[in-house]
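Participant: Sequential numbering from 6 applies to the sequence shown in the numbering used here.
Fair warning: there could be bad hints in the mix.
Cut-off 20 Å, straight-line C-alpha distance, at most; resulting in silico cross-link-like pairs (PhoX-like, lysine-lysine) [as the list claims (entries may be wrong)]: (1) K517 with K789; (2) K957 with K877; (3) K676 with K812; (4) K393 with K307; (5) K672 with K722; (6) K746 with K676; (7) K307 with K223; (8) K546 with K676; (9) K967 with K789; (10) K746 with K672; (11) K610 with K428; (12) K897 with K867; (13) K967 with K867; (14) K957 with K812; (15) K676 with K717; (16) K964 with K867; (17) K867 with K789; (18) K135 with K897; (19) K160 with K276; (20) K393 with K517; (21) K867 with K877; (22) K676 with K393; (23) K885 with K812; (24) K897 with K160; (25) K541 with K746; (26) K393 with K428.
Hints listed in this document are in silico derivations from the structure and should not be mistaken for laboratory results.
Note that the structure is a prediction, hence the values are computed from the model and not measured.
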Amino acid sequence: MIRPLRGAAALLAATALSGCAVPNMSMPRLGGFGFGQNKAPATPLKLAPGQWAQARSDVPADPEIRFGALPSGMRYALRRQQVPAGQAALRLRFDAGSLQETDAQAGLAHFLEHMAFNGSKNVPEGDMIKILERLGLAFGADTNASTDLDETIYKLDLPRTDAETVDTSLMLLREAAGNLTIDQAAVDRERGVVLSEERARDNPASRVYRARQAFLLKDQLPPRRDPIGKVEVLQNAPASLMVDYYQRYYRPERAVLVAAGDFDLDAMEAKIKARFGDWTATGPAGPDPILGPVAPRTPEAKLVIEAGAPLSLQLAWIQAPDNSPDGLARRRRDLIESLGFQVLNRRFSTLARAADPPFLGAGAFNRDEYDAAELTMVTVNAEASRWKDALTAAEQEQRRAIRYGVRQDELDREIEELRANVKADVAGAATRTPGQLANEIIGSLSDNEVVTNPGQDAALFEAAVKGLKAEQVSAALRAAFDGAGPLIFMTSPRPIQGGEPALLAALEASRKLEVTPPTGASAVAWPYETFGAPGKVASTKDAADLDTTFVTFENGVRLTIKPTRFKDDEVLVRVNVGGGRVDMPRDRQSGAWAASTYVEGGLAKISAEDMERVLARRVYGAQFSIGDDAFVLTGGTRSADLDIQLQVLAAYVAEPGWRPEAFARLKSASKTFHDQYESTDSGVLSRDLGGLLRSGDERWVFPSRSEMADAKLTDLKDQISPAIASGPIEVVIVGDITVEKATELVAATFGALPSRAPAPAADPAKRQVAFPAGVATPVQRIHKGRADQAIGYLAWPTNGFFANPQKARDTAVMGEVLELRLIEELRESQGATYSPQVSYNHSMVWPSWGYVSANVEIPPEKLPAFFADVRKIAADLRAKDITQDELDRAKKPRIDQFEKARETNGYWLNELSGAQADPRRLEATRAILPGTERVTIADVRRAAQEVLVDDKMWMLEIKPAK
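Could you put the whole structure together from the sequences, leaning on the hints where they help?
Facilitator: If you want it as structure tokens, here you go:
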């Protein structure tokens, strides 16, 4: 189904600084929120036990899904999908989350999710994850769970659909559903893990979100039911309170099991009936939550000061939720409304991209708040000193849209852009992954929506937009702002003179100003259809075992093509130009922090905004980054639009626009970057680690406040332009395309560019990067967040990948074993942390640089114990052989992850990048699976002895400021 953004995700997308800086509403659900006076009473639709939404709707369900129910009321949905072969996805959803808690249980719905992995009637505590690892499921990637206000979901992604894997997975889900032991001692052991997650989640963004919800949903239940809960409850609640929740809400009539993948439908249905048929509820059912009525509101303001957050403000209109059932009429209404928001957001984008813009980004959208209320919001990011300008500009643009409506040309543009995405979805429907299919079904359940497929959505879309007039969309947009308000919520990193009264005064002053009709856009044409005479192919060779063809054009451009059928109508493109960081001086900033402004600066003959408008009917992408060995442009498209995709990327190589507005906007936003990073321990780690692990090499060091303040677009241009203008070019194309067609289209674009000199021979001196020497005491960094937040990090140096490829694979498996040991010790045994992690990197660019690292979020007083524990585990790995079971649990998930990744276009785009210049990369790709398979117990011990050496260990502590 085509669905809207929801909750915090929509707000985040609305204020993004890249692209249009508007919500990603290119694919809104054909259904959603309804209009003002047409709204149904605020009583959520409640289906009967075992009933599916299509029983109360005129929308037909996807015929490829088998819907069913057990006598107990448990529902199930099955979808066969043979692409990729032998994989499946299982989801078990409960119609219960933190809203169903009592005050005394605040946080226990999420805590219970943890306990589902910690002991049941037939699976001892600590065994569930190990069982899944033996089957090849990686903890986190393939085995996970989530708790929201209104639902709890358990997720298993199966690498195989053999009887053992399917039967074991269904057994474990059945255990979670009704057989958990919830032992008091196990609960006590898990408290530290959940409290660690609470610490990690408590950051400026989450605090702002909670404050905003409390202001907007005044006196209603959702703001009082944050899934992470209350610390005092997490610390002290007895297991009996969790058992009470479990018995009241983990019940068959609240459960839905979804299975999608390569299996026989009849066989899977029989397995589900056999496994879950005996599940019956225990004790009385819990009541549905009382959400509370929408409070009467008049214009009011709330100001929150949060030092680690950028300035943002929201204008909100609130009304009772639309709880009418899903239906054709509602889907049409919601599509029309979403098109109105698209037009308004496009206007916000134009303002943000102008010279001296009033705000950094803005967007409008409508969202349901867990059936408690419906909010229409305009959300804005701005410089703190310009909040009045931002508020005034956003309010007036919203009012302009309400008064004068949308123009027909604006509407037609949005319809064409949405149509292109709808068509792309239809083309790729047959190759959606099991995980995507399962998530689509699960995603329909909160709002009791009918599950439809892309073909059905396309038919509904075309019927809805046929003959659609701007007047209809204008009326829908006006109705969306009919609620009580506007309410102003603003977050600022520092106090605002006059406080909340000043916000209301600024709003009132703006509302007194007259708005003028919107101006029409000038006609524009795409100026990069031709780059000259198509280039001629100089040579072609094949790597038959990899289904890959290598082409070289006479102008020196290299092309690598891998046709696939992993995903119908998907084509990914990567363009590598020049030498990237390799050719940059060690003592100068790389400019990577500002790389996004390269694309946003548009092209010499057309701006980024006009390009989006003129190419609205086409599907393409353009991103720019600075890589270790190349400047990189990437994009994704459909088969029929590969010509446009290549024209866009070739134009960014041949004639980048370097318009100053995007760089100026990023500089304005950068004034709070360091405050945002320093507000949490994880922020400091992500900011500083790249430079620290390379001994302060400036190419990886994040710029200081003064360096960003003094930065000039000309500096970035001088750094990048020479390589872009004359450096060697490699184009990699992977996806649903033929070799002949890809060659033809590259010949007409990159092949037609002036000749490029071949890449010079590698200069060993340029490829030396120093790993920091071992330290006796940790390097210190501070953050400005909570006093109980800290991170411990340590790393040992290894070598580059090509120094010894098999040793690199041995070390990677050793790293997996190290993580298993850390999880067992720090999470399972001590309950000290939520997420001990091990990483490893053997560079293919820097011959002598690589590492194995371990890190943990933990209270600062426990940091010495963490380093001691890691030393002890490392010593044990050096001194003793691991068990065969540990080796299997380390290798099998890793191998299965590789096998799944190799069925994706993205994997091959990365693997084939640089392969023509360095054929060793192809050998590494060929050897990754057999090389991992052959790792032995002795190899792991040998790797530990060579790598996990105490005096080479580099350590870092990130502690709270005093």
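Participant: List, from low to high, the hint numbers that the structure doesn't satisfy.
Facilitator: Violated hints (numbers, rising): 1, 3, 6, 8, 10, 11, 12, 26; every other hint is consistent with the structure.
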